[in-house]
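Novice: All chains should be built: construct the whole structure from the sequences, respecting the hints.
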Amino acid sequence: STATACLTPETTICNAFSSNGMWYSVVGDGQQYTASLCGSSYDTWVSVYSGTCTGMTCVVQNDDFCGLQSQVSWCTTVGTTYYILVNGFGSGAGTWTMALSKSNVNATASVSTICAGSSTNLTGTGGTTYTWNPGALTGATVSVSPTATTTYTMTTVVGGCTITKSVTITVNPLPTVTA
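Heads up: the sequence shown begins at 14 in our numbering, then just goes up one per residue.
Among the clues, some could well be false.
Pairs of lysine to any residue residues, derived as SDA-like cross-links and limited to a Cα-Cα distance of at most 20 Å, are as follows [unchecked claim]:
hint, residue 1, residue 2
1, 115, 86
2, 115, 95
3, 115, 92
4, 178, 93
5, 178, 44
6, 115, 52
7, 115, 37
Don't read these hints as lab results, they were simulated from the structure.
Specialist: So, in structure tokens, the structure goes:
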């Protein structure tokens with residue numbers, strides 16, 4: 014509850030409020046994250062920052078996404094720490110619940126080790142459109158027949174975030190038959 018939280022005045026980076034607030038942090042992994050306060054008991058405000066305590070940058074902020082409650086989504090960078098500030102609009106305070114979720118983009122192969130001359134299917138999930146390289150192949154599922162071990166990179170978009178995932182196909186040479 015922000016009613017018993019410490020006074021944490023927000024700087025003017027995302028907007029200034031005098032209400033009590035609570036800070037949380039999450040480390041990015043290249044996926045899109047969403048912090049939702051929908052269902053909370055008062056008029057909430059949520060802000061997300063990156064940087065350091067002495068040099069914060071506003072990533073995104075919101076008031077009134079779902080009624081009087083707030084929700085934000087943002088693209089993360091692998092290894093970057095994001096600071097989430099939950100407080101109230103104006104001097105609002107009360108009980109809240111934050112649901113933190115992230116996109117679930119994956120790239121998989123039906124078989125990751127094949128013999129030379131064989132093929133395998135690559136499948137992307139969790140995005141909208143998919144591009145596979147090398148080859149500039151498009152589609153959620155594509156068939157590939159590499160002649161040597163190859164790493165395929167899939168690129169997709171989720172909520173404005175460009176996300177890439179890789180899958181490696183190992184190609185074993187055909188066995189040599191001797192008589």
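Novice: Which of the numbered hints are not met once you compare them with the structure shown?
Specialist: Structure breaks no hint.
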